[in-house]
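Trainee: Sequence:
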Amino acid sequence: MTTSVDPADSPDPAESADPTVDDVLGALASETARRIVGALDRPKSARELAEELDLPETTVYRALERLSTASLLRERTAVRLDGHHTTEYAPAFEGVRITLREDRSLALAVERTGDATENSSS
132 MTTSVDPADS PDPAESADPT VDDVLGALAS ETARRIVGAL DRPKSARELA
182 EELDLPETTV YRALERLSTA SLLRERTAVR LDGHHTTEYA PAFEGVRITL
232 REDRSLALAV ERTGDATENS SS
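Here our numbering is used: the first residue of the sequence shown is 132, the next is one more, and so on.
Read the hints as simulated data drawn from the structure, not as lab findings. Be aware that a few hints might be false.
Using C-beta positions, here's what the derived DEER-type ranges look like [stated by the list, open to error]: (1) A160 x A240: 16 to 24 Å; (2) E196 x R235: 26 to 34 Å; (3) V210 x D153: 23 to 31 Å; (4) E196 x G245: 40 to 48 Å; (5) D213 x S236: 45 to 53 Å.
Idealized CB from N, CA, C, for every residue including glycine.
Starting from the given sequences, assemble the full structure and let the hints guide the process.
Mentor: As structure tokens, then:
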């Protein structure tokens, strides 16, 4: 049996970070990362994702790190009764939009899960 814990003391990186266009494009450039996002129909651990997608755990962890750095994932700790803890991942966004501004720079808009859209630029 597990129970999920979101530490109230520390802010969620997905809510506090302001990813750049390069962060988001870099994270989503990998087919592995896109497969992981597609498989996150519920919070899952790296091990679950590796098994479901038939990928090495090290590959999954690298992709999860890039997605987390780009603030595209929420992390939570699943506390099990046996004392072991597992990190579970879920998407922190519903959409990503990149537009070309008049000054020819790129603008990034990340539509957060249940939140207002976050804007950034390159």
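Trainee: Now look at each hint and say whether the structure bears it out.
Mentor: Here is what the structure says about each hint:
| no. | hint | verdict |
| --- | --- | --- |
| 1 | A160 x A240: 16 to 24 Å | holds, 18 Å |
| 2 | E196 x R235: 26 to 34 Å | holds, 31 Å |
| 3 | V210 x D153: 23 to 31 Å | violated, 35 Å |
| 4 | E196 x G245: 40 to 48 Å | violated, 24 Å |
| 5 | D213 x S236: 45 to 53 Å | holds, 51 Å |
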